[in-house]
Structure formats: C-alpha cells, structure tokens
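**Student:** Single-letter residue listing:
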Amino acid sequence: MKLVAVSLVPAFRFGGGEKWQLECLQKLKCFFEEIIYVSVSKNLDTTQSIYSTGFKKYDFETENWGSEVLGSENFEYISVCKIFWILQYQASDISLELILNVPSNSKVFMTNLGCEPAMFFENYTPQQNHCFLEISQFSAKRTARFVPNVAYVWCGYEYKLEKQMISKAHRQGFVMVGRLLPHKRPDFLIDAWSKTSQPLHIIGSCQDERFFEKLKISIGDKPVKIYSDISNFKRDKIISESLGLIASSSSEPEQSELLGLVIFEALQNGTLPIVSSIPSYIEIMEALGLMEWVFECDSVESLRNVCSSLEALSIQDYCSLVESARTKARNQFKWDNIVPLMTKNENFSY
Amino acid sequence: MKILAISNFFPPNVLGGYEIGCHDILRGISRDADIHLVTSFSTFYSHDSNNNIGVTVCPIFKPCSAYSIRPNSKTNIFQHERAFSGYIPENVLALRDKISKFKPDLIYLFNILGIGPVGILEICVESGIPTVCHLMDEWDGFFTSKNRRIDLSSKWKTLKAQVTGIACSDYTLKSNSKVGVFGKSFVLPSGVRFPMSLPLKRSVTSQNKFLYFGQLHPGKGIHRIIEAFNEALFLCPNSGATLTIIGRGEPEYMKKIHNMALSESHSASSIRFLPYMPKQKLMNEIPNFDLTFCPLLSVEAFGYAPIESAAAGVPVVICRDMPLFSYVENDSLSPLIIKNQNDVGGMRQIMINSINQKINLDSFRQIQFHCFKAKFDEKTVFLPRILKILSDLSMPSATFEKHMDSVVANACIYEQLLSSRLSKEENHSGVKFSMSNSKGGRLVKLAKIIENRVWELEKKLFKNLT
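Protein chains in written order, with our numbering: chain F, 1 to 350; chain V, 1 to 466.
Just so you know, the hints here were simulated from the structure itself, not pulled from any lab data.
Do not take every clue at face value.
[Claimed, not checked] Computed list of lysine-lysine pairs in BS3-like fashion (alpha-carbon distance at most 25 Å, straight line):
#1 F:K2 to F:K29
#2 V:K379 to V:K2
#3 F:K344 to F:K141
#4 V:K375 to F:K82
#5 F:K107 to V:K157
#6 F:K237 to F:K107
#7 F:K2 to V:K157
#8 F:K160 to F:K29
#9 F:K82 to V:K2
#10 F:K163 to F:K237
#11 V:K375 to V:K174
#12 V:K101 to V:K2
[Stated by the list, open to error] From the derived model, a few chain V residues whose C-beta atoms are all more than 12 Å from chain F:
#13 G86
#14 W156
#15 L159
#16 L198
#17 L235
#18 K279
Only a predicted model underlies this, so the values are computations on that prediction, with no experimental measurement involved.
Even glycine gets a Cβ: it sits at the ideal position worked out from N, Cα and C.
Using the sequences plus the hints, can you model the full thing?
**Tutor:** In structure tokens, the structure reads:
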C-alpha cells in the first residue's frame, strides 16, 4: 500500500508541527510499501489563505522519501493513491484542490498542526472517505464544531530518547525551549523572573529581530540567558541539568498550541515540565499525572508558586514523579499509536 | 433494465444536437428500460415529471453558471474556480442521493460538462454501477483548456479508465482520448428516424430552394453559405432562387449573418430567416426545400442536420473533411461534396448547377436517403446496437446492494450539509441523521426519509441561490 502525504508546513523551519509530521512519517515507513512525501515550497506564504490575494499556482519541493515527485506528477500520484494525508490542511486552500483529486474510494486524512485561518471550512464539503485526524482531543473538539468524521491520536513520546536522570541535587535553574514567538510568551517569562531567582535558560531562535531585541533589553541584569544557536547535545544537556522546563504559551486564537511536544522533550531528558494552563497542555499533563505543575496562564504569582514547590521537592519525590510520568507517556503517547489509524479501513467519529 | 441518464440540458431545454441526441436515444430505448433522467434545474422542470417519451425527468443539478461571480452573489472565488474546473459538490451529493433511491442497473451520461463532470463521473464510478458516456462532443477539451485554474485532469484520466465511452464518430473518440482513455470504447454513429420509404418530393420541377437549419454558430459555416448564395444569384439573376435559414444562436453571430444577407441588394429579398422550430415541425418543413447546405467543420463531433435532411427526402451538401463523410462516402454523390467549410466556390457551383438543372437532385435524394438510412436509421441500425451494448454492460440488481451502504451513508452527509448551510441563513430545525443510522438493515427506510427532506432542502437552497 502506498501513502501520499502532502505537507503544507514549510520544511525549511523546524518547530513542533514539523517534528510531529516527520516522526510520524518515519514510523509509518515500516507499514507502507512506499511513502511519497511532498512538502510545500518556501515560496508559499502559509500564514494567509492564498485566495485573499487572488489565485496563485503553487509548486513543491520534494524530500528523499519515496519517488521524486514534481509539479503535475504530484496530481498523478494523488489521483490513484489509496491513502492520502494532508498535513496542516488549514494553511491554504491548496488542500481543497488536492483532496478534490483524491479518488472517492480512497482514504483521506487531514491533520492540523497549528495554523488556523478559518477559510478551509467555508469551502469544504464533507465526504465519507475523509477523516480529520487531529493531534489532541482539544484540537479534535475544535474541528468537530465544523465537520463530522473527526478523530484524534496521541503521539509524541519516543522512549528510545530517554536519558538517564541526573539527581535533583545536581540540577539548577529552569529552561524554556522553543521558537521565540510571541504566543510562546518568552517575554512573560522574562518579566516574571526576579533578579534573585535561579538562572533561566531560554533556548530557541527568533526570526523577528524587533521582538528579539525587545527580549534582550527586558533581561537587564536578571539571571536569564538566551541561546539562539546551539547544538542538540548542548540543548539536551541544559534541559537535563535544569530543575524544570517551563512552557508558558498563551491561548491566542490564531496560534493555539494543539499539543505540546516540549513536555515530552523535558521528560526524555529526565526533567519535570512546568506548563501554563492552556487546554492542550492540560490535556497532556492530566494524562501524565502532572497537574500539580500547571500554572495559571499569564499569572506571575502562579508561576512563582509552582517553581517554589518544585524547588522544595525532595530528591526522591522528584525522581519518582519523572519516572511515573515517563511510564504514562510511554504507554499513552507512543508514535506507534498512529499506525492502526492510518492503516485500518475504519470510519471515525469523535 | 433501470437506467439513470444524466444530461445538463434536456428538451425543451436545448443547446444543440447533444440534447436532441440524448432525447432521441432515450426515446428509442425507453420501451426496453425504466429511465430516470437527472438534469439541471430549469423553468421547464421544477420537479420530477413524466416526459411524453416515457422518461421521468428529475431536475437536481445546479449548472456551473450558478457559480459565476456577480455583485451580491454568495459565491467566493474558490467555489467559482472549483465549479468551472469540473467539480460542484452540491451536484455530487445530489447524484449520490438519486443513485441510492433509484438503484439503477446502468448510468448513462450525456452532456455533463456544465454540471461538474469530474464530480459526476466520480460518483458514478464510486457507486460501482456500470457507467456509459455517450460522446457527441469533445469532453477532454474542457481539461486541456488553460482557463481551468484547478487541475483535475489527473483525476479525470483515472475515472475515465473505469467507464465505457460510446462515441458518435471515430473523430469524437479520438478527440476524447487526449486526457486518458476510456476503459472500454465503441464507435456508434447516432441514429435518426428514417421513414420506411423515400418521402415523395413536394415540387417536381424546382431546384432553387436552398436551406440551412440548425444552430446559428460560426462553426456551422452559415456565413459561407450566404456568401456562396450571393455570388450564385449574381451569376444567375432572375432565377427565383431562395435561401432559408432556420434556427437560433449567438446574438452577435446572428447579427453578423443578418447584415451579410442584407448587404447585397440583388439577393437581400431572397434570403429568409425563420426562428427555431421544434423537431417535428422542422421535419415537416424540410421537404418544402430542394437542397440543404451543411458545411460543418472538420471538428464537428457528428452532425445530425445532414442526416435529418436526407431522412426528410431532401439532398444535402456536405464537406469532405467532416467526420460524417467517412460513413457515406459514395462516388455517385460527389457532385454534392465540397472540400471544406471555406469552399465557397464549390457551394456556389452546386447552387448554379442546381438552379440550371445541370444536376438532377431527385436522383441524389434517392441515393442519399438509402445510403444514409443504411448507416444511421434509428430503428434498424442504431437501437439494436445500443441496446446490445447497454444490456451487456448493465449489472444484475442484486449486485447493487453491495454498494448501497456507502451510497446511503453519503446521502446522509448531504442531508447534513444542506441543513447546516440553510441553518446559517434561517432558523432551520430539521432532523439530523448520524452516520450510525446508515448501518444495519435500515438503509431503504432511511433513503425514503431522506428523499423528502433532501428534496425540500434542495428547493430552498436553490431558491436562495437564485
């Protein structure tokens, strides 16, 4: 069986959405004869609907998975494929064109990875062979407001990446990991950090120079350091030597976090995650038994209370909390979860 | 045999020969089949009605013209592009619903270009019911046109490979093999009703009443006929020759040919225009003339008019490069053959020869009648062949049940879609069906419940759109 996957997530940048899709496709490679993966080119602005500025033709860049596909050949593949998966379907109305080309007796999966201009559902017509396969219950609930045939799958934890835990006695400070985008709220974190607090490491690149300058100025003499360009090894080292990994995203409607892979990254490095109270983070933390480490979104006081509680944890309690959360993540969020959903011929209803 | 026929237009909604061809074929096979024809909404068919030829006509489709972007229209650019590129979701779902209710043994497609051909063909293939496309026009041109912004040609190609094509000429089959090929294909020239014997000629002496009938379109070469007639009359003044043009067409072209007719003072009063006539009236009118001119283009899919003229006992002038010519090639008819549509000199000479009695039209009408009848007679040639093809392709009723589940489930989605669209515009509180309703043994019952509701919703939706 052949899977054709078209991603409207630009492959040139690397965030949670990009990571999620590539990990899934890697996992699915073992279960399909061939995966044709087509990634959208850099030329396409995925932040707005193409129809808002008139119709544009599009082109694709290919990855080395499956056959080399270009231009109209993509449509040849799509028009005969048995399973078609479109990732980040809401990024552009291209997805509507693509699914029109899929045979009605083939399975069409659509997965949203974060970007949500609302144009898609205006023009979308439900079909029995379509399934919206979302990455969290939160995301599925949002999609189910518009269409039937919605399902969700929890993926994201790779147990093979688990590292040996460092004792809490050898840990110091906190860390934030992720692209420095406004909705991730690094500015809130810096503002909330006091001069006397433990060190805060912020790891992530920033494409908005103004925002980056603003962040650097707001640090002043606080014990906060930003790492824009470091190796994966060094990043993992900083995470594993920190007391907690803080994810402080807010619920901005246009850039809502739909999952929170950063929570798993913390656990893989043996570090407790501390997260803001946005729905997708709560969904994961609840499943991992870590609700105690959720702070009220945008509340400095709540964040400080959670950080203090974590600092006060005994070495043994810290260790058992991480171990328990890792076990739950291994059982509930394994990448393998995607496989039966994509390969079995079943209908979905959320 | 239960046949579901599909055509964008159906008489009295007529665009050209395609619709008349569809009508005549269905009339011919209606004795042997229970036929439902699904067509576009129109002023003629606002609800299901029994046609006088034994076909139930059901208006369920929205033509793509309904998706033109006009001031205050609710159509956005994507919906517009999608419709004009070959996919109209409402029509797809309406057809699914119709298939689930009617349960045909065969689906028979005629002119579908204006109702979203890709979506229509997709549903036919999805249903698993044998599907036959009767080709009397170039469908593939729709997909090779650069005006289509959404490229559905790959899907079209894939779908075509799963259905059967019956082309009215070799040329038509060839022109419909540009974007993929049909899984099975046949060439079967269309049929025309011929009388048992050659009709009597009304006037035995005159040979100077010339005729054109049909669509008034540049591709039909009417301007060339007028040109030839003007020249012939100039060379044969006081001959009493007349040219009658019967039909309707594009206003601009009609204006052009009217002006041409009036431009030459010596012939202006000899050229007469008559409005469109229903077929029976036209067939009664044709024998009042001596010679018909049908200089159709080489890209003409078939050409009913020349055959109808021959059937009415009036000889006809045709071009050597018309697809029709290959069927009626006969040395003794060569005095009535011109090179091509632009062969004004050839047409002029035939007119002069006819006026001057240098050719005997009576012998040609006899040869043509018998020659054309042997190839195109509806009763003895066309119908036995088409019925054989259709019955060989149709499926036994039991097989249909296998496809029922998915078809009805999709009809449920259609009902939900219509409800949700309408509820945006008005406080619509209807019964909602969940997907689970389509499971188990309630399919037929469910289809009946949906039938009434979908029809009501379609009417409302269409009313809102118009």
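**Student:** Non-interface claim for V:G86: all C-beta distances to chain F beyond 12 Å?
**Tutor:** 9 Å, violated
**Student:** Quick one, are V:K101 and V:K2 close enough, alpha carbons at most 25 Å?
**Tutor:** 12 Å, holds
**Student:** Sort out whether F:K29 lies within 25 Å of F:K160, counting only the CA atoms.
**Tutor:** OK: F:K160 and F:K29 at ~18 Å, within 25 Å.
**Student:** Decide, holds or violated, for the assertion that all CB atoms of chain F are farther than 12 Å from the CB of V:K279.
**Tutor:** 38 Å, holds
**Student:** Quick one, are F:K2 and F:K29 close enough, alpha carbons at most 25 Å?
**Tutor:** 10 Å, holds
**Student:** Hint check: V:K375 vs V:K174, CA-CA at most 25 Å. Holds or violated?
**Tutor:** The given pair, whose Cα atoms are some 20 Å apart, holds under the 25 Å limit.
**Student:** Would the hint linking F:K2 and V:K157 be met if the CA-CA limit is 25 Å?
**Tutor:** 19 Å, holds
**Student:** Was V:W156 rightly flagged as not at the interface, with every chain F Cβ beyond 12 Å?
**Tutor:** Non-interface label fails for V:W156: nearest chain F Cβ at 8 Å, not farther than 12 Å.
**Student:** Confirm or reject: V:L235 is not an interface residue toward chain F, with every Cβ-Cβ distance exceeding 12 Å.
**Tutor:** 56 Å, holds
**Student:** Are F:K163 and F:K237 close enough, with their CA atoms no more than 25 Å apart?
**Tutor:** This hinted pair holds, its Cα atoms lying about 10 Å apart.
**Student:** So if I understand the rule, the pair passes when the alpha-carbon distance is 25 Å or less; does V:K379 with V:K2 pass?
**Tutor:** Roughly 21 Å between the alpha carbons, so the hint for V:K379 and V:K2 holds.
**Student:** Between F:K107 and V:K157, is the straight-line Cα distance small enough, at 25 Å or below?
**Tutor:** The given pair, whose Cα atoms are some 19 Å apart, holds under the 25 Å limit.
This entry does not satisfy hints 4, 6, 9, 13, 14, 15, going by the numbered hints stated previously.
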